[in-house]
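**Q** Chains as they are written, first to last, in full-length UniProt numbering: chain A, 1 to 281; chain B, 1 to 281.
In case anyone wonders, no lab produced these hints; they're calculated from the structure. Worth double-checking, as some hints may not be accurate.
Identical copies go unnamed one by one, so any copy, or any two together, can satisfy a pair.
Result set (EDC-like, lysine to aspartate or glutamate): computed pairs, CA atoms no more than 16 Å apart in a straight line [stated by the list, open to error]:
#	residue 1	residue 2
1	Lys71	Glu154
2	Lys202	Glu56
3	Lys262	Asp80
4	Lys276	Glu110
5	Lys71	Glu123
6	Lys205	Glu274
7	Lys202	Asp67
8	Lys246	Glu51
9	Lys276	Asp116
10	Lys276	Asp199
11	Lys276	Glu200
12	Lys106	Asp210
13	Lys47	Glu195
There are 2 protein chains.
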Amino acid sequence: MPNSSSDPFATLAAWQPAVTKSGKAFDLASVDPAAKPYSTGTKAEDKAAVETIAAEIDALQDIFFADKRFKLLVVLQGTDTAGKDGTVRGVFGRVSPLGVRTAAWKAPTEEERAHDILWRIHERMPGSGEIMVFNRSHYEDVLVPVVNGWITPEQTAERYRQLNDFERLLCESGTKILKFMLHISADEQRQRLQERIDDETKHWKFAIGDLAVRKQWADYQKAYAAMLGATSTAWAPWTVVPADSKTHRNLMIATVVRDTLKGMGLRYPPAKPELKGVKVV
Amino acid sequence: MPNSSSDPFATLAAWQPAVTKSGKAFDLASVDPAAKPYSTGTKAEDKAAVETIAAEIDALQDIFFADKRFKLLVVLQGTDTAGKDGTVRGVFGRVSPLGVRTAAWKAPTEEERAHDILWRIHERMPGSGEIMVFNRSHYEDVLVPVVNGWITPEQTAERYRQLNDFERLLCESGTKILKFMLHISADEQRQRLQERIDDETKHWKFAIGDLAVRKQWADYQKAYAAMLGATSTAWAPWTVVPADSKTHRNLMIATVVRDTLKGMGLRYPPAKPELKGVKVV
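Could you put together the complete structure from these sequences and hints?
**A** In structure tokens, the structure reads:
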């Protein structure tokens, strides 16, 4: 049972032995997007568990904020319709907006392109006691240009190293990094895109360019596999999340986040002795 | 019944006729901090109502985000312990972090002081479809310096005008501004500060300087009264919230926010005709 372990990474390693530090491409096809390794009952029971864990995360965040010893960065990556927005809502929707911020990353602007790839990212890093959730991330820079042939394999390898070095700096400065790859099947994406087309109230979520990107499905899977293998480090490991089931996706990510916070040994800051006996008038 | 009206400002005007555009100081002492004009039952019933309204705000925010015609700025002002953090959690704690951001304002840094008082504020304004909640705000600049005698009455009047002009620009650019003054009694503050001292896990919330500020209580009340009178405009009115009861405070603010969102006539963006009949392959 994955969620009975106190160390989410040990658990994930047991479930996903292929995400290693080998630098070789991860065998993404070996993970069934419809699997539910974190499920412990019916869909209704899993949904209730997500609610419970989301409330636990809220309570832990309160101490995390007061504690101020750590910062938490949660990276959500996945193809269109993989469920990034839904994860933010499902996992962090019970936390006070004071304690969690989000950043949604799009194609870089002209000003951003005039800098290195981590310039715009660095600025949005969480501070002490903060949780930052990335909807897409710096990993777009080793996916989109790779699939479209805009950079060479050497440049891609260089970027992997840059990302790893950057994340090590963050880790060494007190930032816990959790990276989740939301893994859905091609067929599930087809259904979700079709739903956005058939339901007129969802048209705003749909861009005609999404269909062109879908045609690159196989190339993206390959780029993801290479990226997962090259950038799953001891200090910032990737977790591949079977995400065809929205409930399972939320359950798995919420569990890892909750267990990570629990594992930090959070506590309120030490009392201030000089306040002892002070009376407010 | 305040919360039966469709126009929260009409309602507030009925309940608080003193907040006008007269430019004269508002009679803050006339508002009982222990009043509960929005209460409709027992404390438990009011608490349940807050939960219900918070969920309604979450649902409305989803359309607000898609709609993209508006931006919403919520300003929370009040003395230490007035309940600003608690309001963010109580009123916006059910909204997805994707849709609401917060900014907590402290004394300006050296870089910020090298600019006009609105420079740092402008940068944090909500964009289309966004909700921004300010914990303290640009109004600190017509409170702290006034109470401490750092600026002349002429300079204060100039700042009032600058704030009003700035907010008119925002309003004319699609930003709805809701400003709440969380009004607690001196005795309630005393109890809450004492609690932070007596409970060691709350020491991190307490700075010894808070006691010095408390000694300026009367001066702050006077500065608030002048500020409320001078900056409650048609385009950005102030609402004075009796806040000795945390539940009532959340109920009143949640109701105004909910009714404001409801009154916007939010809708999903128009359908894209070119998507009709498209099949995803």
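**Q** Taking the hints in turn, state whether each one holds.
**A** Against the structure, the hints:
In the homo-oligomer, the alpha carbons of Lys71 and Glu154 never lie at most 16 Å apart, since the shortest distance is 32 Å inside one protomer and 44 Å across protomers. In this assembly of identical chains, the alpha carbons of Lys202 and Glu56 never lie at most 16 Å apart, being 32 Å within a copy and 20 Å across copies at closest. Proximity of Lys262 and Asp80 under a CA criterion of 16 Å is satisfied in neither setting, with 31 Å inside one chain copy and 31 Å between copies. For the identical chains of this complex, Lys276 and Glu110 are neighbours neither inside a copy (56 Å) nor across copies (34 Å), given an alpha-carbon limit of 16 Å.
In this assembly of identical chains, the alpha carbons of Lys71 and Glu123 lie at most 16 Å apart only when taken from the same copy (14 Å versus 24 Å across copies). For a Cα distance limit of 16 Å, the shortest separation of Lys205 from Glu274 across copies, 14 Å, qualifies, whereas the shortest one inside one copy, 55 Å, does not. For a Cα distance limit of 16 Å, the shortest separation of Lys202 from Asp67 across copies, 11 Å, qualifies, whereas the shortest one inside one copy, 41 Å, does not. Within a single copy, Lys246 and Glu51 get their C-alpha atoms as close as 13 Å, which meets the 16 Å cut-off; across copies the closest is 25 Å, which misses it.
For the identical chains of this complex, Lys276 and Asp116 are neighbours neither inside a copy (51 Å) nor across copies (41 Å), given an alpha-carbon limit of 16 Å. With identical chains, the CA atoms of Lys276 and Asp199 are at most 16 Å apart between copies only, with a shortest distance of 10 Å across copies and 62 Å within one. Proximity of Lys276 and Glu200 under a CA criterion of 16 Å is satisfied inter-copy only: 9 Å between copies versus 62 Å inside one chain copy. Taking identical chains as interchangeable, the C-alpha atoms of Lys106 and Asp210 lie at most 16 Å apart only when both belong to the same chain, with a minimum of 14 Å there against 43 Å between chains.
For the identical chains of this complex, Lys47 and Glu195 are neighbours neither inside a copy (22 Å) nor across copies (38 Å), given an alpha-carbon limit of 16 Å.
Checked against the numbered hints above, the structure breaks hints 1, 2, 3, 4, 9 and 13 and satisfies the rest.
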